Every structure is written in C-alpha cells, then in structure tokens.
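Engineer: Chain by chain, the residues run as shown.
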Amino acid sequence: MILETRDISHDFDGLRVLSCVNLSVQRGERHAVIGPNGAGKTTLFNVITGTYAPRSGRVFFKDQDVTGAPPQALVRLGMGRSFQITSTFSRLTAFQNVRMGILGRRGIRFNVFRKVDVMREVTEEAEEVLRRINLTAERNLPARLLSYGKHRALEISLAMSTEPELVLLDEPTAGMSRDETRTAVDLIRRLTEGRTVIIVEHDMDVVFSLADRITVLHHGEILATGSPREIKANQAVRDAYLGEVAD
Amino acid sequence: MTPTALRWIGGSLALAALLAYPYLFGIYFTNVFVTFGIFALYAVSFNLLLGFTGLLSFGHAMFFGAGGYGTALALTHFKSLPLLPALVIGVVAAVALALLLSPLMVRVSGTAFSMLHLAFAQLMYVLALKLRAVTGGEDGIGGFRIPPFRIPGLVNVDMKDPSSFYYFAAAVLGLSVFVLWFVTKTPFGSVMVGLRDNPNRVAYLGFRVPQTKAAVYLLSAGFAGVAGSVYALFQNLVSADALHVLNSFTPVTMTMIGGVGSFFGPILGAAIFGLISELTSRYTERVELVVGLILIIVIMYAPQGFMGLVNAARARARARFAPGGATELAR
Numbered sequence: 015m016i017l018e019t020r021d022i023s024h025d026f027d028g029l030r031v032l033s034c035v036n037l038s039v040q041r042g043e044r045h046a047v048i049g050p051n052g053a054g055k056t057t058l059f060n061v062i063t064g065t066y067a068p069r070s071g072r073v074f075f076k077d078q079d080v081t082g083a084p085p086q087a088l089v090r091l092g093m094g095r096s097f098q099i100t101s102t103f104s105r106l107t108a109f110q111n112v113r114m115g116i117l118g119r120r121g122i123r124f125n126v127f128r129k130v131d132v133m134r135e136v137t138e139e140a141e142e143v144l145r146r147i148n149l150t151a152e153r154n155l156p157a158r159l160l161s162y163g164k165h166r167a168l169e170i171s172l173a174m175s176t177e178p179e180l181v182l183l184d185e186p187t188a189g190m191s192r193d194e195t196r197t198a199v200d201l202i203r204r205l206t207e208g209r210t211v212i213i214v215e216h217d218m219d220v221v222f223s224l225a226d227r228i229t230v231l232h233h234g235e236i237l238a239t240g241s242p243r244e245i246k247a248n249q250a251v252r253d254a255y256l257g258e259v260a261d
Numbered sequence: 002m003t004p005t006a007l008r009w010i011g012g013s014l015a016l017a018a019l020l021a022y023p024y025l026f027g028i029y030f031t032n033v034f035v036t037f038g039i040f041a042l043y044a045v046s047f048n049l050l051l052g053f054t055g056l057l058s059f060g061h062a063m064f065f066g067a068g069g070y071g072t073a074l075a076l077t078h079f080k081s082l083p084l085l086p087a088l089v090i091g092v093v094a095a096v097a098l099a100l101l102l103s104p105l106m107v108r109v110s111g112t113a114f115s116m117l118h119l120a121f122a123q124l125m126y127v128l129a130l131k132l133r134a135v136t137g138g139e140d141g142i143g144g145f146r147i148p149p150f151r152i153p154g155l156v157n158v159d160m161k162d163p164s165s166f167y168y169f170a171a172a173v174l175g176l177s178v179f180v181l182w183f184v185t186k187t188p189f190g191s192v193m194v195g196l197r198d199n200p201n202r203v204a205y206l207g208f209r210v211p212q213t214k215a216a217v218y219l220l221s222a223g224f225a226g227v228a229g230s231v232y233a234l235f236q237n238l239v240s241a242d243a244l245h246v247l248n249s250f251t252p253v254t255m256t257m258i259g260g261v262g263s264f265f266g267p268i269l270g271a272a273i274f275g276l277i278s279e280l281t282s283r284y285t286e287r288v289e290l291v292v293g294l295i296l297i298i299v300i301m302y303a304p305q306g307f308m309g310l311v312n313a314a315r316a317r318a319r320a321r322f323a324p325g326g327a328t329e330l331a332r
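The listed protein sequences correspond, in order, to chains A and B. For our numbering, count along the first sequence from 1 and bump the result up by 14. For our numbering, count along the second sequence from 1 and bump the result up by 1.
Simulated from the structure, these hints should not be mistaken for lab results. Since we're looking at a predicted model, the values are computed, not measured. Even glycine gets a Cβ: it sits at the ideal position worked out from N, Cα and C. There may be inaccurate statements among the hints.
Stated by the list, open to error - Here chain A is said to cover these stretches of chain B; the calculated rule only asks that three of the stretch's residues, wherever they fall, bring their Cβ under 8 Å from a Cβ of chain A:
| hint | segment |
| --- | --- |
| 1 | 198 to 210 |
| 2 | 282 to 292 |
As the list claims (entries may be wrong) - Computed, partial: chain A to chain B, Cβ under 7 Å:
| hint | residue |
| --- | --- |
| 3 | S104 |
| 4 | R105 |
| 5 | M114 |
| 6 | L117 |
| 7 | V126 |
| 8 | A151 |
So that you can see chain B by itself, here it is in the shape it has in the complex (with noise of 0.2 Å):
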C-alpha cells in the first residue's frame, strides 16, 4: 500500500471517529473532547511563537480573554447577532490587541518578551476584575444566549445540544489547526523558523524582521482568540479565570510536556494535560502539583517533550528497518 493510500485511509478513519464520537462516549466525555480541542488549539497557536519563531510568551492568555471576553460581549449586547460574526468578534478583538502590543513586541526579545507579555496579561486581568460595569469582575460574563448556527434555507442548529456544539466545536477548532499546520508548510513558515534560529540573517536575506514578526504575532494571537472564543461559547460564560496567569501558563505547560520542537507536540501536549486533570482531579483538587511533577520529569528526561520520544522511536525504527538508510537528523 502506497503511503498516501495509508494517510486517506487513516484520515477516513480518524474522521469517522471524530464523528461518532459523542454517540460512543456520551456527553461527559464530549465536553471533556471539546475542553481538549480548544486547548490544543490555544496551545498550538502559542507554539506558533515559541516553537517556530523562538518567542516564549508568559501572557498568551490575554489573547484568549480578548476572544473569549469579544465574544461574550457581543453576544449579550447585540440582540440578534448570529454565531459565526460573534466568533469573529472574538478573534477581531484578540487580533487587536495584538496589533496594540506589536510595535513594542517586535521589537524584544527573550527574556523582556516573556516578561512584557506577563505584565499586559496580569493588567488585561486586573481591568477585568476591576471594570465590573463591562466585564461583571469576578463573576464575569454568563448566560449570554447562544445563537444556533445557521444557514438560511440549508441547517438550523442548535448549540445548546452537547453533541452539536461538538460538531461546531471540532469544525472550527479543527480547520484552525489545519491553518496554522499550513502556514508553517508554507515559505512565511520557513522565515518564521528563519527568525528563530537567527534574526540578524534574516534581515540580511532582506526581510523585514519587525513586520514579519508582527504577522506571526498576529496570526497566533487570532487563533489564540479563536479557542477563547469557542471556550466563552462552550461555557456560556468567560470570567476573570480566562485572564488568569495560570491560563498564561497552561500553554507553556502542554508545549512542553508535548514538545516544542514540533507541531503537533502541543496537541499530545493538551491530551496528556486534559488525560492528567481528569484523572488526577477524581481524587485531588491540587491538579497543578501532579502536572507540575510531570513536568518536571519530562524536562529532566525527555525535554523535547513527548513528541521527541516518538521522533527518536521513528528514527531508531527507521534505522533498523532501512539498512543503510540515510538518518534524518534534522526536524
């Protein structure tokens, strides 16, 4: 069997699972599925600046609220504002920000990036909490109506129903992720990973570092919208908790226990997260300290991540199974 037979046949497969899904796991563990979706998503998009441009964010959750909170806004103040618009709503309002932030973003680096991005969060939080008349403080934004998804004359759903949100849910969160896997395939792709391994020669190939920067920044803050977006939806509520910076971290924690050396290790990431939490949380409400050990040992032992243990398991077969088959040592 060719290997593209083999990738159509376990796409149909994966596909199919995707869709039976909430009939074979019933709603809990729907919810659980979509809560691992937008995380993964918000975790690739933060990978999309660590892993690939080199930029190690503390705030990612600000982007996030932005869309979480965009579209919980939008949604309790305009009446018969549908949902796809509201969503975009979300996604304006983090892509925004971003567009705020990003003449002083682009132009940093290590450690004053990371540390600029903790302080704008740690401020996007304190106003929420503090501007009670627009985003409810503590108790945040709730029981805002969520419009059925709708095209005139063909599908009227509504969301309310677990396993249509579902269908919405993996819909969205799903062709993000495809979006962001194709940009990094694509030559913008390249020069972001350019931009990691070496700015100064990027600029001396004659791109313009700021510029390009600033369109990653833009393009991984939108998606970062696009999961607080779909997660204010998922709730029926966005809250103070989404600005937290422990939000900021949960990205940082997933990519590196998933491994930021790859695309998809954030999204493995995100499924042993969501994998440790649901078990650890049957017996503990202190969840952090058993991902906090985790992480620990997979910095220790494995600190490509999860992934990097599957790509030398690759390799190592790949060597066996092709004698005098070149070793590909690089990513």
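So that you can see chain A by itself, here it is in the shape it has in the complex (with noise of 0.2 Å):
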C-alpha cells in the first residue's frame, strides 16, 4: 500500500467537505476519484498532498504518517501532483519551467556558484524532456501564451519532474477538445509509466480507459469503490452520479 488516509474529514467554517474517507491505494495502480462537483474531489487532494491538515484523520504515504507534513517534505518523499487550474510559471519559458523542475529533482537549491546555463546535463535532461512532451518548437515561449493543451501537458509534466513514485493529477483533461483530451491521456500514460496514480476526472471515457480502480465521492463521502466493471454496475452510483453523465 503506497497510500492509505483514515477517516479523514474536513470542513471549511463548519460546512462539511469530507466526512471520514478511507482511501487507499495499491502501489503501481491508477486510480481514479470521481464524483459530481463539489464532492469533495480536489480537498481530498489538498489534504494528501499537504496543502492543509485535514480537520480530523491520517493520511499515510508509504507506511508513514505524513497527515500536516507540507508539500515540499511530501514531494521529497515521493509524492507529486497538478492542478485543476494550470499551475505552471506562466512568465518563464517552456524550456525554463521544465528546468525548475529538474532543478527541484536534482535538489540543486541554493548553489549560486555556477550560472544556470552552463549546466549542461540540466540543459539536456529539459530538451529531453521538452521533446517528449512534444513542446521543443516552443521551447523559448512563455507558458502563458501555450495553447491550452499544450499548457496541459506542460502542467503534467511538471508534476512528474520530481519522478514522483505517486502522482495526482487533478482534472488533468478539463476543459479540452476530443483530440487534445486524446494526447493528454496518452501523455499521461507515457508519463506515468511504472508510477501510482490518483487522477480527479470527469471525462468518463477517460477514467475508464485509464484507471485499474474508481472511488466514487458523493457529498464528501465514499459512495463506492472498485473495479471499472463493478463500478459501472453499481446501482448507488448511477443513482447518484453516472446516470447523469453517461447514457
């Protein structure tokens, strides 16, 4: 088990957000976490991936408590993650948003002896990494004036620069067309190879191609949790949540 929370719940000023989840994730499996909006999808990644301490519970990432521990412990750790707004450095370069997550991988932090730019394994592992997120023609343009898909993939791998042995991906294909959701889900695949990962996903046809596990979250509470298959199959979570979207 690479990831367990217990009775994890959450509120903000009283209202109710998340109320004794109990997740837990085998280590090399994709699970997916899926639920109408406001169920409580994106604050139960908050609270794994540190950006705040859940009200009540623990979440345990490989066998230790980390419940609290804040983000840059849990990515030194091994545990990465992307954002369902893109959050990337919007006025630095392609190449040089990448460089800053080799930067954080190799844990060159504070050395201000040698001039970025000499580094030449860091220069090539980011060109490596630019073409294999398919971005090396712009290379030298600001993330912000990406085009959204390709600001997409730029988010995603920024997530995975850490090579992160866990990785959430919060609505990674929101907001896309059928052709850029297609690249982005093949990104991922690419890109998380051999990795866990928990994927926030509303896009149905993606989250039963990609995931091995579905949670399905339901006003801040587990409604069901298991295969694809069985998933599909259970009555609660048609009742609440697929009947909407698929047929």
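Both chains come to you apart, so use the hints to assemble them.
Structural biologist: This is how it looks when you write it as structure tokens:
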C-alpha cells in the first residue's frame, strides 16, 4: 500500500466537505476519484498533498504518517501533483519551466556559484523532457502563450518532473477538446508508466480507459470503491452520479 | 567581430571611462557619480525582491539605514577599526535586522509584505530620532573618523581625497552589483523568479519556500546595507533621513522608472533619477514634484520602464535585421 487515508474529515467554516474518507491505493495502481462537482475531490487532493491538514483523520504515505506535512516534504518523499487550474510559471519559457522541475528533482536549490545556463546535464535533460512532451518547437515561448493543450501538457510534465512514485492529477483533461484529450491521455500513460496515479476526472471515457480502480465520492463520503466494471454496475453510483453523465 | 570580442572591447572601454572619470569631470561630478552608484546598488538590491521575487517593500530604507548606522557607530566607538571591517559591520547590521524580521516577512506577501515593511521602517525611523544617546537623534552621527584603505605593506590610500574615495566606492559598488547579477543567473536566481511567478508550484517541486524567500531577503538586505554603509562613509554622516519613508520610496521610483522587469532597469532608473534631481535642483527645491510627474508618465505610457522601451526597440531591430529570425518573446 503506497497511500492510505484513515477517517479523513474536513470542513470549511463548519461546512462539511469530507467525512470519514478511507482511501487506500496500492503501489502501481491507477486510481480514479470521481464524483459530481462539490463532492470534495479537490479537497481530498489538497489534504493528501499537504496544502492543508485535515480537521481529523490521518494520511499515510509509504507507511509513514504524513498528516499535515508541508508540500515540499511530501514531494521529497516521492509525491507529486498537478492542479485543476493550470499552475506553471506563466512568465517563464517552456524550457525554463521544465528546467525548474529538474532543479527541484536534482535538489539544486541554493547554488549561487554556477550559472544555470552552463549546467549541461540540466539543459540536456530539459531538452529531453521537452521532446517527450512534444514542446520542442515552443521551447522559448512563455508558458502563458502556449495553447491550452500544450500548457496542460507542461503542467503534467511539471508534476512528473520530480519523478514521483505517486502522482495526483487533478482533472488533467478539463476543458480540452476530444483531440486534445486523446493526446493528453496518451501523454499521461507514457509519463506515468510504472508509477502510482490518483486522478480526478469528469470525462468518463478517460476514467474507464485509464483507471484500474475507481472511488466514487459523493457529498464528501465514499459511495463506492471498485474496479471499473463494478462501479459501472453499482446501482447507488448510477443513481447518484453516473446516470446523469453516461447514457 | 564576434560578440565576445565586442563585449571585451565594450567592457574595456567602460572600465577605462570609469578610471578616467574623476580626471575628466572634476570633483563635483565625481561625487554625483558616487551618489548615483550608491543608489544604483540600493535600487538593484530592492529589485531583487520586487522584480525577481515579486515582493514589494515599502521599507527598504531600514536596511540602507542599518548599513549606514552600523558603519558610523562602529567607526565612532572603535578607535582603530580599519575601513573594510567597518563596512562589513554595516552589512552585518543590515543582515541581522533582516534575519530578525524574516520569520514574519517570509510568511506574508502582497500588501501585507509592503505595509509591514512600511511599519517597521517607520519604527526604525522613530527609534533613530528618539534614541538620541545612540543615534544622535535628528542630527545623526557625523564627523566620525574615515579610516584609510590599507592593505599592510601594499597600499595606504587616504579616503578623504574624493577621487580615492571614488575608486573605493566604484570597486565596492561595482563588485556588489556584479555579485547580484551573477546570483540572478544561477539556479538560485531561477528559483527566485519561480517564487515570483508561482510560489505554490515551487513548493510542489520540493523547494522550501519560506527558507528560499529568507535567503533572497537576507541577500537583498545585505546589499542595501552595503549601499547604506558606503553612503555613510561618503557623507561622513548618517542621520534619520536615511531611514525616512522618502528613502524607502526612492528605490521604488528608480525601479519603476528604469524598468522592474530587468536586472539593469534599476541602474538606468537611478541614472535618470540622478539626472533629473541634478537638473531640476538648479531651478527648484521641489525635485520630487518633477520625479513624480515623470513616474506618472512612465507608468501610463511605458509600464515596463525605460528598459522596457529599450528591449522593445531591440526586439524590433532584431526582427528587421534577421529575416525569419525567431522573435524572442520571453525576457
């Protein structure tokens, strides 16, 4: 088990957002979290990745209690995440964005003795990453000027740049066209190969094609967890959520 | 000619001009230049926070003042203290003040950061006025001994001579600006810019955001301290004016006029600021009025400052002379 949450509850000013969420994810699994808007999916992500501590309950990552640990500590333990709202360095070029991720992974943090431009290994690795996410042509374009699909690809690549064992992707294909979605799913498959993924997604095609297991969140509670087949067949899930999306 | 050769030639010419300056322009303009150099470094250190890390300080004068008071107090109380240690004490004072404030300051940003700096700088200002026994109150500390610049057995230069002081100041300030420029080019410089654009993402790449901010903060304060210390030596005086809110806004204005988006913008801003003060002070005492007017015009018509205009012109020239060449959109 790479990640386990025990009885996670959270509220914002008394408004219950998560109640007693028990989620467990096996190493190597692709786990999708689905549910209607306001079900608490992003809050669950924020609690797991240390944006804030849950009101009650514990989070275990690689059998360590990491409840309330700050983001950078979790990242150094091997966790990574992408955001629902694209979170790149908007004024830096695609290359500089990718390079920032590489500096993070290599732990080059307080080096003030060498120019970053002459660090050949870093530059080469960044170029390689740009090739992999098909952004070589946009190398010198500021992130904010990238097309939506490319910007999202950069976002996913930043989430993966620290080579996390567990990565949480928050609606990676939100707002994408069919074509862009297909490219993104393909990219996610390639970049997350051999890693554990937790993904929040509204697009059921994406969910059922990517996920090994699915957790359905509804009003802050887990409605069901199971294989895609089990979830599709689950009556409660159909009533609460799938019915309105599928069909 | 290769760009490298051009750079060497340009650099050599600039160095020669710097060396010949006191002989070409006389004492008065030599002193004008020293003042420019001090404020250029001060503005660059300020822009390390604003332009590179996205933190707007309305109280940078407290570090400038700490540098000045540190050096002045050290020279007043230690009778045989040499020049460089006196300078170092000023810098240490500024860094110590920053260290004291940093646990709070690295956890705030935006308006809170600006206003807290305004508040603490005002506190320092009032302390400097009230603690007369230490700071000399309104009169400040003046007439302290300026030690000669001495390397035993090698050089012994009297700092009371304006042109000697010019070389000393130019070396210290020039080296400081170079160090800061170099830092912005290192991985740490990249992380600074990352903090400006998206501190959240920086944290999720495994960087410790508060500690990184603290490092930038200390660096910026330390070099503001260098500027303040050289200023105190240059004037042979440091008074509460150094901590005054107007002195906190000086680097803000210089940076806005010169261009917040570039390393050299604040230096250009300091030059323009100095030029305006120099010209207008011949006709009126209301120098701020003219500077303010120019600031408004710049903000309205050239929000990236003069350096923004320069860069835009360069981009246009490049686009014209390099057909089909890539236009560099990013800074």
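Engineer: With reference to the structure, classify each hint as holding or not holding.
Structural biologist: Hint check:
| no. | hint | in the structure |
| --- | --- | --- |
| 1 | 198 to 210 | holds (count 12) |
| 2 | 282 to 292 | violated (count 0) |
| 3 | S104 | holds (6 Å) |
| 4 | R105 | holds (5 Å) |
| 5 | M114 | holds (5 Å) |
| 6 | L117 | holds (5 Å) |
| 7 | V126 | holds (5 Å) |
| 8 | A151 | violated (11 Å) |
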